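Each chain, written out:
2 protein chains.
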Amino acid sequence: MTETTSQPAERFSVHYRIAVGDNRPVEEHAADIALEQTVEIPGDCVPDEVAAAGIVGRIEKIEPVAGGGSRFDAVISYRADITGFCVPQFLNVLYGNISIKKGIRITRLDLPESLLAAFGGPQFGVEGIRRLAGVGKRPLASTALKPIGLPIPELAAMCAAFARGGLDIIKEDHGMADLHFHPFRERVARCQEAVLAANAQTGRNTLYFPMISGSFERIADQFAFVKGLGVHGVLVAPALVGLDTVRALAHRHNLAVMAHPAFTGTHFHSPDHGMTPAVLLGTIFRLIGTDISVFPNYGGRFSFTQAECVELADALRAPLGSLKPALPAPAGGMKLDRIEAMAEVFGPDTVLLIGGALLQHSNDLEKSASTFMQGIRKVFGDDPR
Amino acid sequence: MTETTSQPAERFSVHYRIAVGDNRPVEEHAADIALEQTVEIPGDCVPDEVAAAGIVGRIEKIEPVAGGGSRFDAVISYRADITGFCVPQFLNVLYGNISIKKGIRITRLDLPESLLAAFGGPQFGVEGIRRLAGVGKRPLASTALKPIGLPIPELAAMCAAFARGGLDIIKEDHGMADLHFHPFRERVARCQEAVLAANAQTGRNTLYFPMISGSFERIADQFAFVKGLGVHGVLVAPALVGLDTVRALAHRHNLAVMAHPAFTGTHFHSPDHGMTPAVLLGTIFRLIGTDISVFPNYGGRFSFTQAECVELADALRAPLGSLKPALPAPAGGMKLDRIEAMAEVFGPDTVLLIGGALLQHSNDLEKSASTFMQGIRKVFGDDPR
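As you go down the protein sequences, you meet chains A and B in turn. For the first sequence, the working numbering begins at 44 and goes up steadily by one. For the second sequence, the working numbering begins at 44 and goes up steadily by one.
Okay, chain A solo, but in the shape it has when bound (with noise of 0.2 Å):
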């Protein structure tokens, strides 16, 4: 380590935000914060050389939250190449083991380019789904196949129903794994296929975003598989199949990663605990790869705020170092008459899902996505392309 004395090592920040629950000074649970998620030991049996080294976590400012109670920000700083720069050992260091104790909670993290460089971030970004969609500047219209268990021919249908009333993107349901009701390449095959028939007669460029969520065995040929169809994006839940198997499949076959959050929501449960969305949904889905994030928007059947929804966003489209912004995605109940305030509070840079409201508007989806292609025309007018 002695090349580590000579000039400091970079660092990242991690912004916690800590609801002291007990009689100790806030100072204390940071100090306890910076050794469990670097050494794990002891303060008194840290090595000289490891603490010359910078290897244990620095806090750099403790600042009570204002109307917060006992409740404190506390920013720590780490050496960035404590997480080989890996995603899964970066994780480890921002919230492994302390994820198990109580009142722990990301609210931002401050990354130096060395660490945006190595995961990448978004291959495609706003720019690249408005190429890949041919849509100049209003928001993107979206739904979903659903449900599980129609036959092929049915889901192909109604892919070829949604592209002829003009949507964007067509994504697979979640859940719409490789079930024998409908087996993944049979299914992902047609679908792909009626999208790109109903795209020759429309002129438009509709895009399907099948759901990968194989197995450790089947998931590198299930991307490779989309790809050689001609697919251009995949609907992936990281929290599922792991947040680096997505990254490293995206990358390795140039797909566009539309990030649906299914097994996040323990983060979001408590407002002392987990990362907030942004954070997570936000940043750190940014930085594997993310192109769009889908998000339960709120006023729909889950329970993020508005103010959530909107830090999401951002965390999203901000300028973040080297990395290109990607699109927030509200959805999760939303409908038909709230396309105007979705528009109003995400504005233009931005996919809109609507998903069952889609088919409880008609049993014509070919005209439930015209209509609902008319609700975003009708706020942002028309969108030569």
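Take the hints with a grain of salt, since some may be wrong.
Pairs involving identical chains hold if they fit within one copy or between any two copies, as the list cannot separate such chains.
Listed below are the simulated SDA-like cross-link pairs for lysine to any residue, each with C-alpha atoms no more than 20 Å apart in a straight line [to be verified]:
1. Lys421 / Arg381
2. Lys145 / Thr348
3. Lys180 / Glu103
4. Lys145 / Pro314
5. Lys145 / Tyr341
6. Lys145 / Ser313
7. Lys367 / Leu159
8. Lys145 / Asp315
9. Lys378 / Ser313
10. Lys378 / Asp87
11. Lys145 / Gly342
12. Lys270 / Glu260
13. Lys378 / Leu78
14. Lys378 / Val89
15. Lys270 / Arg233
16. Lys145 / Gly343
17. Lys410 / Pro368
18. Lys145 / Arg344
These aren't lab readings, by the way, just hints derived from the structure by calculation. All values reported here derive from a predicted model rather than from experimental measurement.
Dock chain B against chain A, hints included.
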């Protein structure tokens, strides 16, 4: 789906504890879960054929929790085949979307043999680990190689001392990634060498379990590499690298799995959300092949209660179809003076894991390890092999 109407499809059951936080009856909350986790559309949109096939979750039972206020235990069954018999989609059906709702906690799983067999469970189990370590009926003794940042020769020397002192399993610290201080291959080779040399002296079978947390591109090679060195098992954190990654690679290389709970803690912060430690670190980790499940013991520096720890140990060891029983490894701030108490609570089929306290006990690690072993012998007597 015609085949499904002739005989009822096999189902599995999830026990959800629902904390009702509004004025709607619990039946509506349970019905929401049954739709959300399967078809994910409003009830009035479910196609007849999908409903008839039993694809929507089925409410089997709802009863109030005694003394639990507005909490209810709801058992919901799902067709086993909607999991695709693969781990990511299994997790998705259990808790994917509803993780983002409030007040739903999984307290138990009832799984048919088809699902158990598909995932496989522990390859070694209690008896297999005892055989590898050459330990009869007493608890196994384990420690952690730490801290990160030490040069490889120091780590190898620690391994040698722990092995000479008689410990059964030397696991690496879970932050010991492929870092430039101690690159993975060189570190693992030297540590395994040191342990084997000590074993040749002592005649014992101390096991060395390296930590595996590499990127998706490297992790398969890391499993293969350690197997090639004659290593018998690994430490791995399923929530960091993906649960199915662990299942697949451990089985591919016939390596024992010591599972670390890093990054799982968001499940345990609230008694009204997530999964119980017994379900996640017990049943589910066992399903994916965990032979030894590390968890933060009560009375250490984490927050599990004694009851939670005992329930978790039971979930690892209780009969579960064709699956082998696994070993609990209470850890997280355990000290030498707690051996007797831990032995009383957890019994002999346990891995006692003492990390930092062993380093604190003495600068002579061999002596510290001997003291640990004497503590076990004091309670359990000699253990002739």
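Point to revise | In rising order, the numbers of the hints this structure does not comply with | key: 3, 9, 17
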